[in-house]
Structures are given as structure tokens and as C-alpha cells.
Amino acid sequence: MKQKLVIRVSMNGPRCPLLRYFSCFCYCSHNNRPKALQIAAGFSGVEKVGLMESDSDKIEVAGVGIDAAKLIRMLRKKVGFATLDSVTIDQKKKDDDKKPLPECLPPVWSSYPCGYPQIVIA
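Position 112 of the sequence shown, counting from 1, maps to 112 under my numbering, and the rest follow consecutively.
Please keep in mind that the hints were generated in silico from the structure rather than gathered at the bench.
Treat each hint with caution, since some may be false.
What the hints assert, rightly or not - With a Cα cut of at most 16 Å, we get these calculated EDC-like pairs of lysine to aspartate or glutamate:
#, residue 1, residue 2
1, K2, E103
2, K48, D90
3, K2, D67
Unchecked claim - Simulated restraints, written as ranges between beta carbons of each label pair:
#, residue 1, residue 2, range
4, C104, F43, 18 to 24 Å
5, A68, E103, 43 to 49 Å
6, I89, S56, 21 to 27 Å
7, G80, M1, 15 to 21 Å
8, C104, R73, 49 to 55 Å
9, Q91, D55, 50 to 56 Å
10, D55, E103, 54 to 60 Å
11, G65, Q38, 18 to 24 Å
12, E103, K70, 26 to 32 Å
Quick caveat: nothing in here was measured; it's all calculated off a predicted structure.
All C-beta atoms in this analysis are idealised placements derived from N, C-alpha and C, irrespective of residue type, glycine included.
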């Protein structure tokens, strides 16, 4: 069963401590976006990770057998605030899985005394 999770993560990190001293030049990268995407991508069962187009604070995670509670717990521990917005399950019915079985003809017995059943292929 393929799952699709939408997780809201706080993408802004803590305020830079150097900003107090260097008000106009601060090259620190405290953005949590790459860290959150890396954590989600390294999780077991995840096939696809990306940002939502409409809201950049949301991560879209798709895969098979993802444990949403563990993923949220890990994001809260490593990145910060994280909540689960929605979970959807894709249940696409495949007609290829339900192939009809071939018809079997009954065995034909030979007229010999120690004959074995023979299969007739039509």
C-alpha cells in the first residue's frame, strides 16, 4: 500500500547568534529545509520526498510502509516543530493482477493396462 504524507515543519532555524555583532553581514545558514528533507529521504520505506508547491513549510513524503509517528518524532528531535497534516493511501486496482486461469481439460486415460493419464492440449 502506497502512502502519501504531508508534514508541516518549521523551516526557519534559531536566530543567528552572530547577528547581534554583525548586523549586516551574517553568512550563517540556519535554514532547516535541507536538513528536514535529508532526514525524510533517509527514512525507511520512503520513495519520494519534496516540498509542496503552494506552501514551502510543508514536506510531501511518498512511499510504502512509512511509519509516520517515527518520522514525526525524528523531525521534532532533529529540526524542531513538526506536525502531520494529512495521510492519503493510494489504492489503485490493477487488472493485470487478476488474470484468468487457463482452462484445464480432464485427463484422457489410455486403453493400455498400465497406462498413465495423458494431457490433451487443444
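Right, here's what the structure says about each hint:
| no. | hint | result |
| --- | --- | --- |
| 1 | K2 / E103 | violated (34 Å) |
| 2 | K48 / D90 | holds (14 Å) |
| 3 | K2 / D67 | holds (12 Å) |
| 4 | C104 / F43: 18 to 24 Å | violated (47 Å) |
| 5 | A68 / E103: 43 to 49 Å | holds (46 Å) |
| 6 | I89 / S56: 21 to 27 Å | holds (25 Å) |
| 7 | G80 / M1: 15 to 21 Å | violated (30 Å) |
| 8 | C104 / R73: 49 to 55 Å | holds (54 Å) |
| 9 | Q91 / D55: 50 to 56 Å | violated (26 Å) |
| 10 | D55 / E103: 54 to 60 Å | holds (56 Å) |
| 11 | G65 / Q38: 18 to 24 Å | holds (20 Å) |
| 12 | E103 / K70: 26 to 32 Å | violated (49 Å) |
Of the numbered hints stated above, those contradicted by the structure are hints 1, 4, 7, 9, 12, listed in ascending order.
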